[in-house]
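**Student:** Sequence:
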Amino acid sequence: MENLDVARTLTTLADLLEIQGANPFRIRAYRNAVNSVNSLSRPLTAMVSAGEDLTELPGVGKSVAHHIVELLETGRIERLDEITTDMPVTLAELMRLDGVGPKKAKKLFDELDVKSVDDLAVELDAGTVQELDGFGVRSVEKIRHAIEDYRKHIGRFQINEVEMLIAGLLEYLAVAPGVEKVEVAGSLRRRKETIGDVDILAAYEGDGTPVVDHFVAFDGAARIVGAGPTKGSIVLHSGLQVDLRVIPTRSFGSALVYFTGSKEHNVAIRTGAVRRGLRVNEWGVFRVPEDADPEESDKEDGERLAGDTEEGVYATLGLTWVPPVLRENRGEIEAARCGEVPELVTLADIRGDLQMHSTWSDGKATLEEMAVACKDLGYEYVAITDHSQAMAMVQGLTPARTREQWVEIEEIRERVDGIAILRSAEIDILKDGSLDMTDEILEELDLVVVSIHSFMDLPRKAMTERILKAMAHPSVDILAHPTGRRINRREPYDLDLESVLEAAAELDVAVELNANPNRLDLNDIQVHRAKELGVQVVISTDAHSPRGLLDMRFGVDQARRGWLEAGDVLNARSLVDFTTWLGRRA
DNA sequence: GCCGTTTTCGGCCCGACTGTTTTCAGTCG
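So the mapping is simple: our numbering equals the position in the first sequence, first residue as 1, plus 13.
These aren't lab readings, by the way, just hints derived from the structure by calculation.
Possibly wrong hints are sitting among the right ones.
SDA-like, lysine to any residue: derived pairs with alpha carbons at most 25 Å apart [what the hints assert, rightly or not]: (1) K116 <-> A134; (2) K116 <-> T141; (3) K155 <-> V61; (4) K194 <-> K120; (5) K194 <-> V248; (6) K474 <-> D521; (7) K116 <-> E106; (8) K120 <-> R151.
Each pair of labels, with its calculated beta carbon distance range [to be verified]: (9) I237 <-> H79: 42 to 50 Å; (10) A180 <-> E353: 33 to 41 Å; (11) L595 <-> R350: 36 to 44 Å; (12) E83 <-> E417: 44 to 52 Å; (13) G114 <-> L520: 45 to 53 Å; (14) S76 <-> A405: 53 to 61 Å.
Note that CB positions come from ideal geometry on N, CA and C, so glycine has one too.
Let's have the full structure, built from the sequences with the hints guiding it.
**Tutor:** Set out below in structure tokens:
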């Protein structure tokens with residue numbers, strides 16, 4: 014069982030408890046534990062079998078630790094079984110719908126015996142829902158839309174999709190009359206691999222109605238969700254929701270912190286503030302007056318200490334500024350308190366790209382075009398990694414064709430100076446863990462990248478052993494897209510990644526963070542774990558055209574989310590240092 | 001249910017918008 018499964022089960026438990034009307038703080042405690050599990054870089058199964066005490070984890074106490082152990086050992090949680098005798102597990106999915114929370118879910122279940130989203134759709138058509146207390150024509154219409162969106166986009170949008178979807182809107186907002194500044198916040202600013210909805214902030218003095226009116230009049234809007242003096246929400250034709258917040262300049266920094274999130278980061282910050290007698294909200298940081306009456310307090314009561322810049326907000330709380338990519342409450346606040354926020358790797362640190370394809374296999378551009386494009390990006394070295402012959406449909410390289418390619422590489426080395434072109438290939442890991450190339454060729458290659466493209470549904474043990482065997486081959490340098498997941502399309506292979514990373518550390522094999530936004534494989538947590546284990550990470554684009562080389566920034570963002578510094582990234586090394594690494598086994 | 005430079009008990013982040021409401025509950029981020 015994966016950490017993700019544990020997190021999902023605990024979330025379901027929290028959802029059902031909430032519908033049941035349990036103590037809200039108890040529910041929050043469960044959700045905090047979920048966040049803790051989601052942030053974990055190591056498998057819970059390994060921790061439990063190693064006899065580690067789960068209550069050491071933040072937000073996990075005796076009770077939740079017990080639930081987790083029970084779940085890992087028996088596949089169930091007794092507490093959850095008890096609850097599901099009264100209400101079906103599928104009831105929790107109702108809360109995934111926009112506009113439906115625990116109270117409405119309970120009402121729908123109690124009054125109409127609605128047990129699932131599908132049940133709800135039936136009742137909506139029957140016209141029974143709007144007869145209920147607290148429901149009306151508008152809310153029924155809203156739920157109808159929510160079900161449509163739920164079915165259309167059960168997954169989330171990829172970050173590259175979202176960037177494309179909102180580019181026009183950002184231009185449109187930039188010319189809104191009186192708007193001084195427009196910034197993207199939310200998970201997009203944190204550079205998460207997938208985005209649920211987009212948050213945009215606009216700096217504007219006074220009543221924001223004109224700005225919101227301008228925003229909701231955007232011709233890319235399929236529907237207006239809401240509009241008020243400080244906030245507007247629209248849904249684009251793609252189904253992507255965009256929220257705009259209008260904020261005065263004096264509060265822009267605090268609003269940016271607040272709307273960038275994550276929620277967990279914000280809660281942690283505010284809790285820290287309360288301890289200092291401060292109140293943090295989107296309008297600023299305020300010293301709470303001694304005689305404050307909580308019943309009568311205004312959002313901007315008290316002495317204003319900060320608000321116009323993010324740096325100021327963090328500083329009043331005794332923290333250094335935290336890069337948005339780290340704001341997940343995974344230790345960044347403690348680091349900021351000690352002034353130990355890592356110096357994260359940047360796109361400018363990248364000196365080479367170590368996975369791409371040319372017309373020798375399934376690439377769209379010639380080897381020379383790719384090499385020149387890399388040189389134009391300012392790289393010092395490049396590896397063209399065409400597929401090996403197991404990938405027959407893309408005319409993968411046979412040993413003979415590999416040698417032919419070396420002749421061409423030699424010619425291009427003559428013509429193109431200023432960039433080192435490596436002899437390389439993306440060698441298939443065959444079903445039994447052997448490599449799809451002769452040992453002679455493997456030895457002569459400058460860089461050997463290995464990966465899986467077949468038999469992706471092997472059982473966990475077989476898959477793990479297959480990869481471990483491949484990595485143990487003395488010529489192997491990099492394990493590419495280690496989990497094989499494709500975002501919103503394909504789950505990772507069933508494998509024991511922890512063992513793979515441990516082996517990588519031992520064998521001095523690097524692991525790839527594939528920068529293609531469809532993959533981003535490894536993910537942020539996994540890459541962080543690689544760092545912890547001392548495994549070198551390579552950020553590669555897997556480009557099939559010069560344009561694909563530009564995906565590097567997505568990989569760098571993911572690496573930053575995983576706390577990687579330049580020293581953790583193999584292709585941030587200078588050519589000399591990188592070459593030294595290549596000769597590490599000599 | 002969790003947690004502790006104020007605590008082993010008594011707190012736990014906070015404001016905006018919507019819809020169905022005659023004064024506010026529910027939902028969201």
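**Student:** Taking only the CA atoms, is the gap from K116 to E106 under or equal to 25 Å?
**Tutor:** holds (14 Å)
**Student:** Quick one: are E83 and E417 within 44 to 52 Å, going by C-beta?
**Tutor:** 60 Å Cβ-Cβ, so the 44 to 52 Å window is violated.
**Student:** For the pair supplied as a hint, K155 and V61, confirm whether the alpha-carbon distance does not exceed 25 Å.
**Tutor:** violated (44 Å)
**Student:** Does the hinted range 42 to 50 Å hold for I237 and H79 at CB?
**Tutor:** holds (47 Å)
**Student:** Between K194 and K120, does the CA-CA distance stay at or below 25 Å?
**Tutor:** violated (43 Å)
**Student:** Taking 53 to 61 Å as the stated bounds, is the beta-carbon spacing between S76 and A405 within them?
**Tutor:** holds (55 Å)
**Student:** Next pair to validate is K120 with R151; report whether the Cα-Cα distance is within 25 Å.
**Tutor:** holds (17 Å)
**Student:** Please check whether L595 and R350 have a Cβ separation lying inside 36 to 44 Å.
**Tutor:** holds (40 Å)
**Student:** Is the Cα-Cα distance between K194 and V248 25 Å or less?
**Tutor:** Given that 25 Å is the threshold and the Cα spacing comes to 22 Å, the pair holds.
**Student:** Need the status of pair K474, D521: alpha-carbon distance at most 25 Å?
**Tutor:** holds (22 Å)
**Student:** For the pair we were handed, K116 and A134, check the Cα-Cα distance against 25 Å.
**Tutor:** Holds, at about 18 Å.
**Student:** Range hint 45 to 53 Å: satisfied by the CB atoms of G114 and L520?
**Tutor:** Roughly 50 Å apart at Cβ, these two residues keep to the hinted range, so it holds.
Going through the hint list in order, the structure does not satisfy hints 3, 4 and 12.
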